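Please put together the full structure from these sequences, using the hints given.
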Amino acid sequence: PKTEPWSRVIRSFTLAEQLFDLEQRQPDHPLLAVFAPLTMDSDTNLENSAAACYNRIVQSELDEFTRQTLADAFVS
Numbered sequence: 001p002k003t004e005p006w007s008r009v010i011r012s013f014t015l016a017e018q019l020f021d022l023e024q025r026q027p028d029h030p031l032l033a034v035f036a037p038l039t040m041d042s043d044t045n046l047e048n049s050a051a052a053c054y055n056r057i058v059q060s061e062l063d064e065f066t067r068q069t070l071a072d073a074f075v076s
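So the sequence shown is numbered by our numbering: it starts at 1 and just counts up by one.
FYI, nobody ran anything at the bench for these hints, they're computed from the structure.
Check each hint, because a few of them may be wrong.
What follows is a list of derived Cβ distance ranges for each label pair [what the hints assert, rightly or not]: (1) L15 <-> N55: 17 to 25 Å; (2) D41 <-> R8: 17 to 25 Å; (3) T3 <-> T66: 23 to 31 Å; (4) E4 <-> N55: 44 to 52 Å.
If you're wondering where the values come from, they're calculated on a predicted model, not measured in any experiment.
The beta carbon of each residue, even a glycine, is placed where N, CA and C say it ideally should be.
Next up, the structure:
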């Protein structure tokens with residue numbers, strides 16, 4: 001929001017901005033793979049990279065519960 005006083009109290013973010021920043025800092029982060037279906041520019045690109053995205057999630061160093069949850073989100 002750009003209206004006072006809200007601009008001093010609330011800070012807004014977009015998913016696209018956060019993913020871009022994350023990609024700059026940690027290009028192999030599993031969350032980038034989780035959100036690939038929302039960020040890919042075509043279904044063909046997603047289809048070609050879906051297996052790699054899924055593998056990045058399930059082979060990450062996250063705990064088993066988190067890996068499974070993120071993999072389920074990706075597949076959904």
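Here is how each hint holds up against the structure:
1. The beta-carbon spacing between L15 and N55, approximately 23 Å, falls within the hinted interval of 17 to 25 Å.
2. Taking 17 to 25 Å as the suggested C-beta distance range, the pair D41 and R8 does not conform, at roughly 36 Å.
3. Against the hinted window of 23 to 31 Å, the Cβ-Cβ separation of T3 and T66 comes to about 38 Å, which falls outside the hint.
4. A hinted range of 44 to 52 Å holds for the C-beta pair E4 and N55, which are about 48 Å apart.
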